[in-house]
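When we follow this note's numbering, the leftmost residue of the sequence shown carries the number 3, and every step to the right adds one.
It should be emphasised that the hints constitute simulated quantities derived from the structure, not laboratory data. Please read these numbers as outputs of a predicted model, since none were measured by experiment. Treat the hints with care, as some may be off.
Straight-line alpha carbon distances no greater than 30 Å define the calculated DSS-like cross-link-like pairs of lysine-lysine that follow [said to hold, decoys possible]:
#1 K232 - K114
#2 K236 - K178
#3 K114 - K166
#4 K181 - K114
#5 K232 - K30
#6 K111 - K232
#7 K111 - K181
#8 K181 - K30
#9 K236 - K30
#10 K178 - K232
#11 K30 - K17
#12 K94 - K178
#13 K166 - K30
#14 K111 - K94
#15 K94 - K236
#16 K181 - K94
#17 K94 - K17
#18 K178 - K166
#19 K114 - K17
#20 K181 - K166
#21 K30 - K178
#22 K111 - K166
#23 K94 - K232
#24 K166 - K232
#25 K181 - K232
#26 K236 - K181
Okay, the calculated beta carbon distance ranges per label pair [stated by the list, open to error]:
#27 P51 - Q7: 14 to 22 Å
#28 D173 - I230: 31 to 39 Å
#29 H57 - M167: 19 to 27 Å
#30 G164 - G58: 25 to 33 Å
#31 N5 - S29: 34 to 42 Å
C-beta: ideal position from N, C-alpha, C; glycine also.
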Amino acid sequence: MLNTQTLIDTIDYLKEHTPLESIPINSKVVELIDAGHGGIINGEYVTAPRKMYDHGPMVFYEGLWTRVVAWLYAADLYANNLGYYMVTPGHKDYGRTERCIRANHFNAKVRKRGIKTYYHSIHGNAFGVESVNGIEVYTSPGQTLSDPIATEMFYKLEELLGWKMRPGLGDGDPDKEAKFTVLVRTHMSAMLTEVGFYTNYAECVNMLTLSNMSLIVQAFRETHETVIRKNLLKKAS
């Protein structure tokens, strides 16, 4: 299990060695990576007292964890010559509207070059009852171009992690639906992943294990590769 300082050091190392964006030659799809909430600046968790949980032996900071996963993922995409853009590059807790503006601006810029994008907001989950656990994937309400991507993500996380899955089967697919700002005000397909409940101690430990982080990153990347291979953004303007 990685402690807080190791998480900070990992982010700092990856930021130094991984570009904020990468669009390989002939790339037609770029994933917009959003690390939920904020990180730690000058020793202070910028989203405190929200989006954190004190288990006694350790404190989980959601915005720090999302940044580690996001940067590990960006490094993986970069190594595999796949396109991405970091919507939230530093530890600042960007507002939801600002995240959308940054994503929409980048999308407008690359769309002129025939490149399509989709938005992926990375989160951990929390609940008042510690026994609650599992993984959820969200899209905006209704049947949209985001749904096939979220479906691929849901089943890939299930396959690789083997954790409890929490589907929303109201419209026949496994993603849940919500009017989260980053899902309804972005100008591209968008999904939000909640990979584990950090209020559940056992799952929190699993979330902080490097081997599981690597599997999460693998699930993200294999989903991205499927988006490209199946041309899931073919109808996007």
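Earlier hints that do not hold, by number: 3, 13, 15, 22, 23 and 28
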